[in-house]
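Student: Here is how the chains run, residue by residue.
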Amino acid sequence: MEAFRQEIILSSVVIYMVFCVAVGLWAMRRTHSPSDFFIAGRSLGPLVVALAIFSSTLSGFGFVGGPGLVYSQGVSSFWMIILSTTGYALGFFLVAKRIRMIAELRDAISLPDVVAARYKSEAVRFLMALTIVLGVMGYLATQILAMAVVMKSLLGGTVMFADISLISCVVVSSAVLIFYCVTGGIIASVYTDVVQGAIMMVAGVLILYTATQVFDGGFTEATQVIMQDDAEAVMPFGTAGVIACLGWAFIFGVGVAGQPHLVTKMMMNRKIADNRIVLPVSVMGYAFAALLWISIGTVMRALVIDGQAEPLTGPDQAAPFFLSVFASPLLAGVVFAGLFAAIMSTADAFLNVGTAALIHDMPKAFGATEIKNELLKARIVTVVLAVVAATIALVSDTLVALLGTIGWATFAAAIFPVLAIGLNWKGATHQGAIVAIVSSLSINVVFNVASIGLPYGISAGFLAFVTSIVLFVGVSFLTQPKIDTLDEDILRAMEF
Amino acid sequence: MNQSRLCLVILIFGLLQCLLLALIAMMPALENASGLAHPLFSSMRIGGDGAARFMPVANLAYWFQMLVLAQICCMIALGVRPDRRSNLFWVLLTASFGLLAAAWTLMYQAYEAFLVTGQTEMVAGWPYPTAWQVYAIWLSGFGLVGLYVFGFKAYVWSDDDESKFQALVKQYPAR
Chain W
1 MEAFRQEIIL SSVVIYMVFC VAVGLWAMRR THSPSDFFIA GRSLGPLVVA
51 LAIFSSTLSG FGFVGGPGLV YSQGVSSFWM IILSTTGYAL GFFLVAKRIR
101 MIAELRDAIS LPDVVAARYK SEAVRFLMAL TIVLGVMGYL ATQILAMAVV
151 MKSLLGGTVM FADISLISCV VVSSAVLIFY CVTGGIIASV YTDVVQGAIM
201 MVAGVLILYT ATQVFDGGFT EATQVIMQDD AEAVMPFGTA GVIACLGWAF
251 IFGVGVAGQP HLVTKMMMNR KIADNRIVLP VSVMGYAFAA LLWISIGTVM
301 RALVIDGQAE PLTGPDQAAP FFLSVFASPL LAGVVFAGLF AAIMSTADAF
351 LNVGTAALIH DMPKAFGATE IKNELLKARI VTVVLAVVAA TIALVSDTLV
401 ALLGTIGWAT FAAAIFPVLA IGLNWKGATH QGAIVAIVSS LSINVVFNVA
451 SIGLPYGISA GFLAFVTSIV LFVGVSFLTQ PKIDTLDEDI LRAMEF
Chain X
1 MNQSRLCLVI LIFGLLQCLL LALIAMMPAL ENASGLAHPL FSSMRIGGDG
51 AARFMPVANL AYWFQMLVLA QICCMIALGV RPDRRSNLFW VLLTASFGLL
101 AAAWTLMYQA YEAFLVTGQT EMVAGWPYPT AWQVYAIWLS GFGLVGLYVF
151 GFKAYVWSDD DESKFQALVK QYPAR
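The listed protein sequences derive, respectively, from chains W and X.
Heads up: the first sequence begins at 1 in the numbering used here, then just goes up one per residue.
Heads up: the second sequence begins at 1 in the numbering used here, then just goes up one per residue.
Careful: at least some of the hints might be erroneous.
What the hints assert, rightly or not - The calculated lysine-lysine pairs, modelled on DSSO-like cross-linking and capped at a C-alpha distance of 30 Å, are:
hint	chain 1	residue 1	chain 2	residue 2
1	W	Lys271	X	Lys170
2	X	Lys170	W	Lys372
3	W	Lys120	X	Lys164
4	W	Lys482	X	Lys164
5	W	Lys271	W	Lys426
6	W	Lys426	X	Lys153
7	X	Lys153	W	Lys364
8	W	Lys482	W	Lys120
Derived from the structure by calculation, the hints contain no laboratory data.
Small disclaimer: the values here were computed from a predicted structure and weren't measured.
With these hints in hand, go ahead and build the complete structure from the sequences.
Tutor: The following block contains the structure:
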């Protein structure tokens, strides 16, 4: 089997690509309306929603960027994972029930639809849509770049494609992605998520086992090798330090409930009561899949320090290198296929929410009451968005993980207070929502574009998130009207 | 406690977090505060002298995270209808907070002890402080998951809610 390693891995990926095309075509036959295209007609069962939620979280960012971060910064990035259990619980307590209720009451198909109904404000709808488009660009570029990095790594091992460029890989990746998304919409995405989620859970455990076998002394030896080089790298705050880690924990823990690609999936389930099953399945699935993030990054760092592997050209190479060299060919093939699945379905989810923001929410914010040919426009805009994101992926010299972190932080800071707190507090006002979104976008954009650094690794996203919560609640207290101004159905939904 | 009072508490916690971040930002920045380039491998970073960079901000960072955990629990209370927040709910929520806070505190103390002594044991593949991080902090969140799953009908969505919601949907046809 080892003699055919590259062939087995490539075959697995090709079979998966064909599967994606088939799912796209199948889903196209089930997609008859914008509601089908964007939120799967609110018809999904609990297992499908659970797998879709957690596998969207661990996308190309989790599979490629995560191990890369552990390789380059040690344990620091564990803080992006370990508060996820708490963060998911918070998201379900605050968002899952109410977003699903408003979606049904108002026939909402997007997050801006929900906040526009909650705040009776087209300005909030527009700002929410703008946030989504900006965040989607960063995150979508991450997905495409991750897919291209992995494809280049895979094809580079063959004689025929040994010199294939990253640009060619971006083009091929984007082409498959566009076909899959345009034909299938969100239905294709969630059903791929089911396969992907299952693969990720199994792969997480198998990869952990593989990683423990690389050193004779198991995982303990790997961490000891790292510790002898730099003890901080395997101590709880890694090389990035305590404040940077707490920032990541805050953004990735609390911020889960501000991720549009996740909370939109909370609108898709058949019954609200299903959330009782969705939460634990999502949390467990995430925990198993995250083992891949932790184990590959740690072992790759140890291997390079110990001289058993050449230094990687970049941290993003950690996962492809480990899978290509250390995992059994069949496992590597399955994980690579799962990796493509992760990237495809997450990219699809982002294209989906981004497209909804552009063709559904922004026109509505400017007064459009009826949007003609919405499904056709959705498919066209999906192509345009993918091309723009692919271009960003090519011209940006930022790592997969960092692009993903910026996208996640943008969403968390701008969306969490407005959605998670706002859906549960009648006293939240549209002025509070506007100030929170504008302040968080301003801080994120200005600090990242101008590359302004803060002491002790305080990131722009961290600062923006803490600030936006304070401003949202504070401004809402200052601008509260004396009587309830919300629509009766929304008021009553908030009393459940 | 009504929703506005809970939001006031969330605001106060948020303001205290801002204050702590401002105090941290005003401290003299050390060269290795957020890591240094690895001397041998260009794609890696190192932490360097852990005690030098950690001790000046140790207390501020500890209390910042305690505020975050308390804020999370307040937000969870916000997500439950006020008349459903029974004494049992508050006991369970407080116990869940206790679990999160205990895991955080024990990890912190283990790390501080390592910085003082330079010695640590290996536990299930990790140095002792990191084992607290990987196993205890991650698992401590399951208290809140349990509260959601086992208290679902009491605190989140009862059978009666389902029928009332269907009535509401019929009363207000989607627009």
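Student: For each hint, tell me whether it holds in the structure or not.
Tutor: Evaluated hints:
no. : hint                  : in the structure
1   : Lys271(W) / Lys170(X) : holds, 16 Å
2   : Lys170(X) / Lys372(W) : holds, 27 Å
3   : Lys120(W) / Lys164(X) : holds, 24 Å
4   : Lys482(W) / Lys164(X) : holds, 28 Å
5   : Lys271(W) / Lys426(W) : holds, 24 Å
6   : Lys426(W) / Lys153(X) : holds, 23 Å
7   : Lys153(X) / Lys364(W) : violated, 37 Å
8   : Lys482(W) / Lys120(W) : holds, 16 Å
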